[in-house]
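Place chain B on chain A using the hints.
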Amino acid sequence: MSEEFNDNKTIQAQSSEVMTGGAAGATPDMDYVRPAEIPEQDLYHAHSFITKWVFCQDAKVIGVQYFLLATFTGIVGLILSWLMRLQLGFPGLAGFMTAEHYYQFVTMHGMIMVVYFLTALFLGGFGNYLIPLMVGARDMVFPYVNMISFWMFFIAVAVLMASFFVPGGPTGAGWTLYPPQTILEGTPGSGMGILLMLISLSLFVIGFTMGGLNYMITVLQARTRGMTLMRMPLTVWGIFTATVLAMLAFPALLVSAIMMTLDKVLGTSFFMPTILKAGEVLEYGGGSPILFQHLFWFFGHPEVYIVALPAFGIVSDLISVHARKNIFGYRMMVWAIVGIGALSFFVWAHHMYVSGMNPWFGFFFATTTLIIAVPTAMKVYNWILTLWRGNIRINTVMLWCLGFIVTFVNGGITGIFLGNVSVDVPLSDTYFVIAHFHMVMGIAPLMVIMGAVYHWFPLVAGRMLDETLGKWHFWITFLGAYSIYFPMHYLGFIGVPRRYFEMYDSPYMTSAVGMNEFISLAAFIVGAAQFILIFNIIKTLKTGKAAGQNPWKANSLEWYTSTVPPEHGNFGDRLPVVHRWPYDFSVPGAKDDFIPQTTPPSEVVHTEVEKT
Amino acid sequence: MSDPNIQGYELKPGFRGMAKDTGSDQTMFKGVHWGKAMMWIFLLSDTFVFSCFLISYMKGRGSTPEEWPNPSEVFALDAFGVPVPLLLIAIMTFVLITSSGTMAIAVKYGYEKNRKMCGWLVLATAIGGLTFVGMQAFEWSKLIHEGVRPWENPFGAPQFGSFFFMITGFHGTHVSIGVIFLFIYAYKVFAGHYDTGKRGWFTSMKGDYVEIEILGLYWHFVDLVWVFIFAFFYLW
Numbered sequence: 000m001s002e003e004f005n006d007n008k009t010i011q012a013q014s015s016e017v018m019t020g021g022a023a024g025a026t027p028d029m030d031y032v033r034p035a036e037i038p039e040q041d042l043y044h045a046h047s048f049i050t051k052w053v054f055c056q057d058a059k060v061i062g063v064q065y066f067l068l069a070t071f072t073g074i075v076g077l078i079l080s081w082l083m084r085l086q087l088g089f090p091g092l093a094g095f096m097t098a099e100h101y102y103q104f105v106t107m108h109g110m111i112m113v114v115y116f117l118t119a120l121f122l123g124g125f126g127n128y129l130i131p132l133m134v135g136a137r138d139m140v141f142p143y144v145n146m147i148s149f150w151m152f153f154i155a156v157a158v159l160m161a162s163f164f165v166p167g168g169p170t171g172a173g174w175t176l177y178p179p180q181t182i183l184e185g186t187p188g189s190g191m192g193i194l195l196m197l198i199s200l201s202l203f204v205i206g207f208t209m210g211g212l213n214y215m216i217t218v219l220q221a222r223t224r225g226m227t228l229m230r231m232p233l234t235v236w237g238i239f240t241a242t243v244l245a246m247l248a249f250p251a252l253l254v255s256a257i258m259m260t261l262d263k264v265l266g267t268s269f270f271m272p273t274i275l276k277a278g279e280v281l282e283y284g285g286g287s288p289i290l291f292q293h294l295f296w297f298f299g300h301p302e303v304y305i306v307a308l309p310a311f312g313i314v315s316d317l318i319s320v321h322a323r324k325n326i327f328g329y330r331m332m333v334w335a336i337v338g339i340g341a342l343s344f345f346v347w348a349h350h351m352y353v354s355g356m357n358p359w360f361g362f363f364f365a366t367t368t369l370i371i372a373v374p375t376a377m378k379v380y381n382w383i384l385t386l387w388r389g390n391i392r393i394n395t396v397m398l399w400c401l402g403f404i405v406t407f408v409n410g411g412i413t414g415i416f417l418g419n420v421s422v423d424v425p426l427s428d429t430y431f432v433i434a435h436f437h438m439v440m441g442i443a444p445l446m447v448i449m450g451a452v453y454h455w456f457p458l459v460a461g462r463m464l465d466e467t468l469g470k471w472h473f474w475i476t477f478l479g480a481y482s483i484y485f486p487m488h489y490l491g492f493i494g495v496p497r498r499y500f501e502m503y504d505s506p507y508m509t510s511a512v513g514m515n516e517f518i519s520l521a522a523f524i525v526g527a528a529q530f531i532l533i534f535n536i537i538k539t540l541k542t543g544k545a546a547g548q549n550p551w552k553a554n555s556l557e558w559y560t561s562t563v564p565p566e567h568g569n570f571g572d573r574l575p576v577v578h579r580w581p582y583d584f585s586v587p588g589a590k591d592d593f594i595p596q597t598t599p600p601s602e603v604v605h606t607e608v609e610k611t
Numbered sequence: 000m001s002d003p004n005i006q007g008y009e010l011k012p013g014f015r016g017m018a019k020d021t022g023s024d025q026t027m028f029k030g031v032h033w034g035k036a037m038m039w040i041f042l043l044s045d046t047f048v049f050s051c052f053l054i055s056y057m058k059g060r061g062s063t064p065e066e067w068p069n070p071s072e073v074f075a076l077d078a079f080g081v082p083v084p085l086l087l088i089a090i091m092t093f094v095l096i097t098s099s100g101t102m103a104i105a106v107k108y109g110y111e112k113n114r115k116m117c118g119w120l121v122l123a124t125a126i127g128g129l130t131f132v133g134m135q136a137f138e139w140s141k142l143i144h145e146g147v148r149p150w151e152n153p154f155g156a157p158q159f160g161s162f163f164f165m166i167t168g169f170h171g172t173h174v175s176i177g178v179i180f181l182f183i184y185a186y187k188v189f190a191g192h193y194d195t196g197k198r199g200w201f202t203s204m205k206g207d208y209v210e211i212e213i214l215g216l217y218w219h220f221v222d223l224v225w226v227f228i229f230a231f232f233y234l235w
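Protein chains in written order, with numbering that gives the first Met the number 0: chain A, 0 to 611; chain B, 0 to 235.
Pulled out of the complex, with its shape left as it was, chain B reads as follows:
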């Protein structure tokens, strides 16, 4: 980044050099695509959304006078007649984390301009996400069938139902939006929009494989949030 022949532009090692490079002209993050920087900052903002939800959950759980239900019992699933705690959640988590893996490989093939492999892996990620949403719908219907509602809960504190449906619902919405975009992007990869630089439908921006990485960032974030939800709802 620096040209040693030009006076005043040498970077000193350490913090001063770093500060100078950060503040240097044109870009702060050198060589980073605008869309990628935008996604990182959006995710930072979204982190605050989920943090507010989870902190509210901790506060709500702490201040309700009624007893909080035992997650091992509430979330148990009967397998061959034996109630196994967290069985469904374990499968859901496994599927979602796996889809993060396929997404990462899709990004690699995207940058290699391997259209077919990239497309199949994006599609696999989309199907993984869809499976997750399907299992979540199953979990919701099971709980609703047992009488858990946002405003009441036969196992204890009504806030359990409120927070559970709100936070997993908000996360599920994120996953669903991601799945829709994954399907659209899979189509765009297969159709070769990223090879030819075809312009987007609405934004009229030129297609580029970096978009796969940007969507990948979102997808990994959704996974990471799930890890926290998993820890706070099912393990606590």
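Just chain A, same shape as in the assembly:
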């Protein structure tokens, strides 16, 4: 292609050909797309209210159902975090708050946010809604199984929430549920609470497996004509790779949940060593608590990337659309996603540096952990290079994306600290760790979720969200999140331990008391600011501006459905045919600054360009 750029007359809109590495010159052959390989999908068209909106087989409705239920659990998690911050900032202010309650809230907050909120929202919510639309399919490949998947998730959430109301309350063992203390008397919720938690997790895994099979096969086997793997939007790549990780990582969680359930109910000793309690030897003996840690983190570390990879993918698309520029290094981005996914299975023991492992073992896992920073850094550079000299629209979506890059870099850098054994050991039980993982897998993915909501809400509801409210929402959340987590790094350095119910009169607390109060106040404000979005959505649904087709002038297929919002079957009579990647923005020589994926090369409207 380099020769062509010497002569401005041959600069033409051929970016799709750059991607396929194929023919040069605008011959009619370029419009060729291979004939269909798969027959039209046989869809079940619902007629009654129940089959249309409750037990619905349409992936878009299922996606919205996932989204709403995950948001509900997220609000529960948010309220729990308020209660925790209330106790930490102002000990004793809430009279009902005992140490037991505090630990129960910590545990439920962690589990809810990681599994039932973020995972369900990204894969169940965005995955269901966007995958069929973006790859040009009429629906997920197994709509019935997809429907069951949501209702399994519903039951899992119901069981989890039920644990708040059983005798003894929910489990208070920490979200990692480490044995032996998890199921021993004295830990809050060691009776019914932990049992319901384990059952709920198992149900979640079963339900997720059903959904995950759908996402994977839809991406692999049900794309529309012309949609090669390397023409898929990065959103699909991110969600797809995260689904692969989930399919391989959740088994470890399922197995550890089953084994711990047996330890609890039948009195087996998979994870239980010999234990002396008040001078008496318990029935347990001979098991290995470390085995649980390995199983849990073999799930737990890929889980981090199950949350992060969809966020990476989505943010790439949002940045590209709103900077009117093609994503920098598309292939590199794809391989980085895949590479991060593969590496994430070889780093799990960096969560266990303080478990007394062999130093060489820690050395190995420190090395793999730091290697993962390489593809991650590549992605960050590519986002920045996409922005560089782009035609950036500073709207709400772009603000969330920029916020994501900043928080993600911040959380990523502290991750490099913690990946090293010698730094991790002194810091691992302090607020530094809290700051790190909330920045990197709490706030950063949340920023992407918010950006994605503002970006795709016009598609889902057909109306534009209010920009002014959106900007207030962003700035309060962004500055507030920094006010919460930035001081926590300092708290960690001065040695404030995490997991403590109250600090009492510890010497370091003299300098940290004010900071703790400040963090708590910021947490209350940031939490409350999230309700701006809910207000914005309700307001928009009533009086919002109609979005029309493709309000952002994006290229990917979800904006080219037969109706907005898309109906069941997505694309009307004929499926779209894809001729190019979704990132043809501001192509030199093209009249518009975007060329939809469905535009064949011969139909691109050209304009004269001056040589620069």
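Calculated from the structure, these hints are not laboratory results. Some hints here could point you the wrong way.
[Unchecked claim] No farther apart than 25 Å at their CA atoms in a straight line, the calculated lysine-lysine pairs in the PhoX-like style are these:
(1) A/Lys470 x A/Lys552
(2) A/Lys470 x A/Lys538
(3) B/Lys205 x A/Lys51
(4) B/Lys197 x A/Lys51
(5) A/Lys263 x B/Lys58
(6) B/Lys197 x B/Lys112
(7) B/Lys187 x B/Lys107
(8) B/Lys205 x B/Lys35
Relative to the frame of chain A, chain B by itself:
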């Protein structure tokens, strides 16, 4: 798959061509039924479940301080007054592997649209699976009768009972689910649902003989897992 007349779609030999074909439009696995691809990926996930179980078993066996019982003695069966090691297990394994064979032939007859032969062979597979589950129930009751429990074991380490009942139980559940589906599919074959393309009860998907192959994949997987369980529990 490639049309040599169209520029840019020729496949180069070797890895590049393979990568290009894999990433080409519409499908990654050309001509593979959606359900079949789904079953393969589900089995990959299930492989991780059983791997986690078996690795936990190795770790548990390695870390328990008490002595592990000798499988040749624990699993021996008295035949004509002589204790024969692994006799029952040998029969169980034989039955299960044989049922895998009948399943494979059923798939062949299915694709030939030979309704009767396919139906009988699926039924034979189901009966083989049922026999296996029955023998496993017998083995469990024998061990329970001898005092082995998930939480204790008169022959040595209590983890022996824990892991044995958990892993064979989990595998037995897989076999039982397979048996239920085999009976349902046998009925559907005999009733001609796969010849007429009658829609499924719940999923409303059209019936097709490929479903026999998909169930066959599951059944062979369950057999393969048994081979590993056999090796790890009875031969180690």
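Is it true that the CA of B/Lys187 sits at most 25 Å from the CA of B/Lys107? holds, 17 Å
Given the hinted pair B/Lys197 and A/Lys51, is their Cα-Cα distance within 25 Å? Distance ~23 Å between B/Lys197 and A/Lys51 Cα, so the pair holds.
Has the given pair, A/Lys470 with A/Lys538, been kept, meaning a C-alpha gap of at most 25 Å? holds, 15 Å
Tell me if the straight-line CA distance from B/Lys205 to B/Lys35 falls inside 25 Å. holds, 15 Å
Given the hinted pair B/Lys197 and B/Lys112, is their alpha-carbon gap at most 25 Å? Status holds; Cα separation ~15 Å.
Satisfaction of hint between A/Lys552 and A/Lys470, Cα-Cα up to 25 Å: holds, 21 Å
Given the hint that A/Lys263 pairs with B/Lys58, does the C-alpha gap stay at or below 25 Å? holds, 20 Å
Holds or violated: B/Lys205 and A/Lys51, Cα atoms, limit 25 Å. holds, 21 Å
The earlier numbered hints are all upheld by this structure, with none contradicted.
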